[in-house]
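2 protein chains.
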Amino acid sequence: MNVSIDIIKEKLSECGLKITPQRIAILEAIYVLNNHPTADNIITYIRKTHPNIATGTVYKVLDTLVDSKLIKKIKTEKDIMRYDGILDQHHHLFSSESDRIEDYSDDKLDKLLEEYFKRKKIPGFKVEEIKLQINGKFLKSK
Amino acid sequence: MNVSIDIIKEKLSECGLKITPQRIAILEAIYVLNNHPTADNIITYIRKTHPNIATGTVYKVLDTLVDSKLIKKIKTEKDIMRYDGILDQHHHLFSSESDRIEDYSDDKLDKLLEEYFKRKKIPGFKVEEIKLQINGKFLKSK
DNA sequence: ATCTCTTATGAGAACAATTCTTATTTAAGA
DNA sequence: TCTTAAATAAGAATTGTTCTCATAAGAGAT
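Residue numbers (our numbering), protein chains in the order written: chain A, 1 to 142; chain B, 1 to 142.
You may find that some hints are simply not true.
Copies of the same chain look alike in the list, so a pair counts if it works inside one copy or between any two.
[To be verified] Okay, derived cross-link-like pairs now, DSSO-like style, lysine-lysine, Cα gap no bigger than 27 Å in a straight line:
id, residue 1, residue 2
1, K121, K140
2, K11, K73
3, K69, K137
4, K131, K72
5, K73, K48
6, K121, K11
7, K137, K118
It is worth saying that the hints were derived from the structure and are not from the lab. Please read these numbers as outputs of a predicted model, since none were measured by experiment.
Working from the sequences, and respecting the hints, build out all of it.
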């Protein structure tokens, strides 16, 4: 994932957010560390080049970015919040053996599910989004 | 959900777990508070009848029960861990407006997904379980 | 470029949820 | 009943996150 600073700036201003070095660094980190980094992963990464970005700032910026829909949160069973910079509809493969999480996109599956729920209504509930949580084993270690 | 103490005891000993009043109370609480209680919900509930079960004990027992597959943890996008005493394959409806979570069972859907992934393999990954996280709106308030 | 105003940030305290530590208690088999 | 390993209570410690508030810095207006 090769996102230039300029594109990041553009994304920020499209959302009406002030362009700050902290926000750029954090958003860039999420794109570089593209396997669903935790807040802590992000902090460690950006401290290399920006040693004095405060922890609180990172959490605040992450919240802002989630609110502006520039990133998403995902939650694991192990109670760690992770962030995801990929916003296209996709599912997640969760390892039952480790913390590993991978993206899984499948348009055909999405269409199948969409069709299914178009026909079969859930009483008292309006479906907005369906995310699969696919648990299993990764066959080759990364 | 009307699970007697005797059945709870049976479940515990089937798993090779010692039968303790704490474990019985906690497991019973999960069955009674059947809408995916948090650890705190469980603590509040059991303290009514067992005022001096320690907080740490509750967390430890919950871990034990999860390990023994007597209960499950559910992941939410919000950062609260919840416990579920229903072990049959089922999915969850998440409210996009509140903390409400409801169960959703659909055998036909499960078969459809099973068929789908029998045909379409995910390279490098062995699927063990598929859980849908269906986000949307509950039409009538509870 | 400078001014102004609003918003963002740094630093660290506060907080909530969970885990750890240790001495004591208890369940369950001998 | 005795024994022993496992479970528990109490509270300290840790972790991840949020809050507070004084200072700094964007961004539009001048």
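We went through each hint and held it up to the structure:
no. : hint        : in the structure
1   : K121 x K140 : between (39 Å within a copy, 15 Å between copies)
2   : K11 x K73   : within (18 Å within a copy, 36 Å between copies)
3   : K69 x K137  : between (31 Å within a copy, 18 Å between copies)
4   : K131 x K72  : both (13 Å within a copy, 19 Å between copies)
5   : K73 x K48   : within (24 Å within a copy, 36 Å between copies)
6   : K121 x K11  : neither (36 Å within a copy, 36 Å between copies)
7   : K137 x K118 : between (32 Å within a copy, 15 Å between copies)
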